[in-house]
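Novice: Given next are the chains, with one letter for each unit.
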Amino acid sequence: MILEVKDLTVEFQIGKNFLTAVNNVNFGLGQQDSLGLVGESGCGKSTTGYALMNLLPKNGRISNGKVLINGVDIVTASDAEVRSIRWKEISMIFQNAMTALNPVQKIGDQIVNALLEHETISRSEAIDRASYFFEKVGISSSRLMQYPHEFSGGMKQRAVIALALICYPKILIADEPTTALDVVAQRQVIELLIDLQKELNLSMILISHDISAVAEACEKIAVMYGGEIMEIGPTRDVLIRNNHPYTNALVGSFPSLHKPISKLTQIPGSPPNLADMPSGCSFYPRCTYAQNICLHEKPPMRSVRFNKLCKCHFAEELDFNQ
Amino acid sequence: MGDIIVENLSKDYVLKTGFIKQLRGKAETVSAVNDVSLVINEGEVLGLVGESGCGKTTLGKMLVKIESASSGTIMIGDKNIVNIRRKELFDFRKDVQMIFQDPYDSLDPKMTVYDIVAEPLRYLKLAKNSEDMIEKIYEMLRLVELSPPEQYVNRYPHRLSGGQRQRVAIARALIVNPKFVVADEPVSMLDVSIRAGILNLLQKLNRENGISILLITHDLATARFLSHRIAVMYLGKIVELISSNKLMEMAVHPYTKLLLSSAPDLFADTSNRIEIKGEAASATAPPKGCRFSPRCNYAIASCFEKEPELTEIEKDHFVACNRVFERE
Numbered sequence: 001m002i003l004e005v006k007d008l009t010v011e012f013q014i015g016k017n018f019l020t021a022v023n024n025v026n027f028g029l030g031q032q033d034s035l036g037l038v039g040e041s042g043c044g045k046s047t048t049g050y051a052l053m054n055l056l057p058k059n060g061r062i063s064n065g066k067v068l069i070n071g072v073d074i075v076t077a078s079d080a081e082v083r084s085i086r087w088k089e090i091s092m093i094f095q096n097a098m099t100a101l102n103p104v105q106k107i108g109d110q111i112v113n114a115l116l117e118h119e120t121i122s123r124s125e126a127i128d129r130a131s132y133f134f135e136k137v138g139i140s141s142s143r144l145m146q147y148p149h150e151f152s153g154g155m156k157q158r159a160v161i162a163l164a165l166i167c168y169p170k171i172l173i174a175d176e177p178t179t180a181l182d183v184v185a186q187r188q189v190i191e192l193l194i195d196l197q198k199e200l201n202l203s204m205i206l207i208s209h210d211i212s213a214v215a216e217a218c219e220k221i222a223v224m225y226g227g228e229i230m231e232i233g234p235t236r237d238v239l240i241r242n243n244h245p246y247t248n249a250l251v252g253s254f255p256s257l258h259k260p261i262s263k264l265t266q267i268p269g270s271p272p273n274l275a276d277m278p279s280g281c282s283f284y285p286r287c288t289y290a291q292n293i294c295l296h297e298k299p300p301m302r303s304v305r306f307n308k309l310c311k312c313h314f315a316e317e318l319d320f321n322q
Numbered sequence: 001m002g003d004i005i006v007e008n009l010s011k012d013y014v015l016k017t018g019f020i021k022q023l024r025g026k027a028e029t030v031s032a033v034n035d036v037s038l039v040i041n042e043g044e045v046l047g048l049v050g051e052s053g054c055g056k057t058t059l060g061k062m063l064v065k066i067e068s069a070s071s072g073t074i075m076i077g078d079k080n081i082v083n084i085r086r087k088e089l090f091d092f093r094k095d096v097q098m099i100f101q102d103p104y105d106s107l108d109p110k111m112t113v114y115d116i117v118a119e120p121l122r123y124l125k126l127a128k129n130s131e132d133m134i135e136k137i138y139e140m141l142r143l144v145e146l147s148p149p150e151q152y153v154n155r156y157p158h159r160l161s162g163g164q165r166q167r168v169a170i171a172r173a174l175i176v177n178p179k180f181v182v183a184d185e186p187v188s189m190l191d192v193s194i195r196a197g198i199l200n201l202l203q204k205l206n207r208e209n210g211i212s213i214l215l216i217t218h219d220l221a222t223a224r225f226l227s228h229r230i231a232v233m234y235l236g237k238i239v240e241l242i243s244s245n246k247l248m249e250m251a252v253h254p255y256t257k258l259l260l261s262s263a264p265d266l267f268a269d270t271s272n273r274i275e276i277k278g279e280a281a282s283a284t285a286p287p288k289g290c291r292f293s294p295r296c297n298y299a300i301a302s303c304f305e306k307e308p309e310l311t312e313i314e315k316d317h318f319v320a321c322n323r324v325f326e327r328e
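If you're matching them up, the sequences are chains A and B in order.
Residue numbers are given in the UniProt record's numbering: position 305 of the first sequence equals residue 305, and the series is strictly consecutive.
Residue numbers are given in the UniProt record's numbering: position 186 of the second sequence equals residue 186, and the series is strictly consecutive.
None of these hints come from the bench; they were simulated from the model.
Any given hint could turn out to be false.
[Said to hold, decoys possible] Here are the simulated lysine to aspartate or glutamate pairs, EDC-like style, with alpha carbons at most 20 Å apart:
id: 1; chain 1: A; residue 1: K136; chain 2: B; residue 2: E279
id: 2; chain 1: A; residue 1: K170; chain 2: A; residue 2: E150
id: 3; chain 1: A; residue 1: K170; chain 2: A; residue 2: D33
id: 4; chain 1: A; residue 1: K259; chain 2: B; residue 2: E249
id: 5; chain 1: A; residue 1: K263; chain 2: B; residue 2: D191
id: 6; chain 1: A; residue 1: K263; chain 2: B; residue 2: E145
id: 7; chain 1: B; residue 1: K257; chain 2: A; residue 2: E191
id: 8; chain 1: A; residue 1: K263; chain 2: B; residue 2: E44
id: 9; chain 1: B; residue 1: K277; chain 2: A; residue 2: D33
id: 10; chain 1: A; residue 1: K198; chain 2: A; residue 2: E89
id: 11; chain 1: A; residue 1: K136; chain 2: B; residue 2: E275
id: 12; chain 1: B; residue 1: K94; chain 2: B; residue 2: D3
id: 13; chain 1: B; residue 1: K79; chain 2: B; residue 2: E67
id: 14; chain 1: B; residue 1: K65; chain 2: B; residue 2: E7
id: 15; chain 1: B; residue 1: K94; chain 2: B; residue 2: E135
id: 16; chain 1: B; residue 1: K246; chain 2: B; residue 2: D316
id: 17; chain 1: B; residue 1: K125; chain 2: B; residue 2: D115
id: 18; chain 1: A; residue 1: K263; chain 2: B; residue 2: E119
id: 19; chain 1: B; residue 1: K16; chain 2: A; residue 2: E150
id: 20; chain 1: B; residue 1: K136; chain 2: B; residue 2: D91
id: 21; chain 1: A; residue 1: K170; chain 2: A; residue 2: E117
id: 22; chain 1: B; residue 1: K277; chain 2: A; residue 2: D195
id: 23; chain 1: B; residue 1: K125; chain 2: B; residue 2: E145
id: 24; chain 1: B; residue 1: K277; chain 2: A; residue 2: E135
id: 25; chain 1: B; residue 1: K79; chain 2: B; residue 2: E42
id: 26; chain 1: A; residue 1: K259; chain 2: B; residue 2: D269
[As the list claims (entries may be wrong)] Derived list of chain A stretches under chain B, where covered just means 3 residues or more per stretch with a C-beta under 8 Å from a C-beta of chain B:
id: 27; region: 89 to 96
id: 28; region: 186 to 200
id: 29; region: 204 to 217
id: 30; region: 243 to 251
Glycine included, C-beta positions come from ideal geometry on N, C-alpha and C.
Next up, chain A with everything else stripped away, as it sits in the complex:
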């Protein structure tokens, strides 16, 4: 395992209260594995990504758990150790790549300066490396001399991918890399990530609210709700042969081009409020299958069919098929 996440819990301080944004999350990633983290806004998927980088905002902290990157726990590591891991072992593409680049600096300079900050190499070596990664993501290296406004949305996203890869990380976290893009550019970015993963031997975590995009890029998927992983396993077995009522409702609420046109499943209620989480199962108030036990008792994670783990009292009985 190149990455092991054990009982990860992240809290945010809001006023005097602590909100649990990520609750007891467990997963592992082998070399060249790809895992998708999906869920709605506020489910903790991006926070999980930041926690893996040990880059939480000031009011956030990892209150429990381990994040082992090649055996080193980034949670308890010293500053020097963190510096040798972050960007070099594990790297992240942040959401809103469109605005991640400095508009008044040439893109090439931004990449070269970032690289020189992290490695002791000469400027010309850094430029060579930037050109190499630009070509890798499908942009001509002559465009390193251009400014962000001269790039289309899809190209900016690719430039940001090149920036994330510049120190040869082994793990890449991509947070909503396709969200602001058009359909065709989305497909290009997904295809690029899949190619890069194979070519550079990357382990990848793809964070997105778009389950279809994740389905195309990742072998495994984890569905998050209210800070917890509700169902995790091989992508198609989670998304098509669901065991958790939330996964089932989520997939059913998407219109598909490849299914007959029918009514969409509507999930009643609204996404959970972290400041006011229900006792028992966090999906309980919106669940059509909820029973008395769900109100009082938090369901444990249990193994179900197809090598999946599922957090539902009735996971074995609920065999959904999309």
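Chain A is fixed; fit chain B onto it per the hints.
Specialist: Using the frame of chain A, we list chain B on its own:
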């Protein structure tokens, strides 16, 4: 109200260029919508699909008179609304409304839900008295499933979730009892689990109240779910117009097929996708001939010269492609 008949509609924007250049008539223009003709039948949902910058929102805004047209006609009944007079605009607003994309931006944060929904009634003087107004507003909030209404009327937008905000925006558009609504990406800003609720609601409003809808979206699956027919736009032009239930099997325009093949979909076969060529061209300098030709896998020499016309190739199926009859 009858059908809405759009003929040769265009919208040009003048880019900010130097004063001297403008005087010399050399100012750059962007043709956001270029010579579009289409019909929205009474009681129909027409899906308008395309990538960002293709002109779909501009077209929608012209239909509700938020944008003025540069040329062409929009006939609603026997009135051409392109050159409608101010006084008539007042009546027009009772029939035609718009739902905007971002419910975080489109609601005034200093107004309560009640005032937001009451505003069109007050402005268009549609309530007989204050009791009538309250009754209308409560009924509308129930219709958009913000119920019981007492719980919502005194809230400000910041105390509503995204889905609830969009429901308020829909209530505001529908309170005047319009016959035609332009819905611009009504679900793209919302969480996945609440999208289905809004889409089902729009479908219900169309089926039960007979409201015609122009649904503007970049998402083909959403358009297919809600619309009777789908118009695909590329760089200001309609390139294909087809009924939704024929979309998957019968679409022929290379751009429509590229979109269908590229859309991420859990149930799609991704092994046989259409190759992507180039990037979308800019509307400031649209390619000569067929606007899609530089990215088209089927383009021949004449496609770079001759602009194709939107032609009916079978009943209710229109395509703008020079090679539509030669290709298999």
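Novice: Each hint: holds or not?
Specialist: A quick look at each hint next to the structure:
1. A:K136 x B:E279: Between A:K136 and B:E279 the Cα gap is close to 18 Å, so the pair holds against 20 Å.
2. A:K170 x A:E150: Outside the cut-off at roughly 31 Å; violated.
3. A:K170 x A:D33: With Cα atoms ~11 Å apart, A:K170 and A:D33 stay inside 20 Å; holds.
4. A:K259 x B:E249: Distance ~13 Å between A:K259 and B:E249 Cα, so the pair holds.
5. A:K263 x B:D191: holds, 18 Å
6. A:K263 x B:E145: The given pair, whose Cα atoms are some 17 Å apart, holds under the 20 Å limit.
7. B:K257 x A:E191: holds, 18 Å
8. A:K263 x B:E44: OK: A:K263 and B:E44 at ~18 Å, within 20 Å.
9. B:K277 x A:D33: violated, 30 Å
10. A:K198 x A:E89: holds, 17 Å
11. A:K136 x B:E275: This hinted pair holds, its Cα atoms lying about 19 Å apart.
12. B:K94 x B:D3: holds, 16 Å
13. B:K79 x B:E67: holds, 17 Å
14. B:K65 x B:E7: holds, 15 Å
15. B:K94 x B:E135: holds, 18 Å
16. B:K246 x B:D316: holds, 11 Å
17. B:K125 x B:D115: It holds: about 14 Å lies between the C-alpha atoms, which stays within 20 Å.
18. A:K263 x B:E119: Violated. A:K263 to B:E119 sits at ~33 Å, over the 20 Å cutoff.
19. B:K16 x A:E150: holds, 18 Å
20. B:K136 x B:D91: holds, 19 Å
21. A:K170 x A:E117: Distance of about 19 Å is within 20 Å: holds.
22. B:K277 x A:D195: Between B:K277 and A:D195 the Cα gap is close to 18 Å, so the pair holds against 20 Å.
23. B:K125 x B:E145: Answer violated: B:K125 to B:E145 is near 25 Å, above 20 Å.
24. B:K277 x A:E135: Distance of about 17 Å is within 20 Å: holds.
25. B:K79 x B:E42: Status holds; Cα separation ~15 Å.
26. A:K259 x B:D269: OK: A:K259 and B:D269 at ~12 Å, within 20 Å.
27. 89 to 96: Coverage by chain B is violated for the region 89 to 96 of chain A (0 residues, Cβ < 8 Å).
28. 186 to 200: Holds: 4 residues of the region 186 to 200 of chain A have a Cβ under 8 Å from chain B.
29. 204 to 217: holds (count 7)
30. 243 to 251: holds (count 3)
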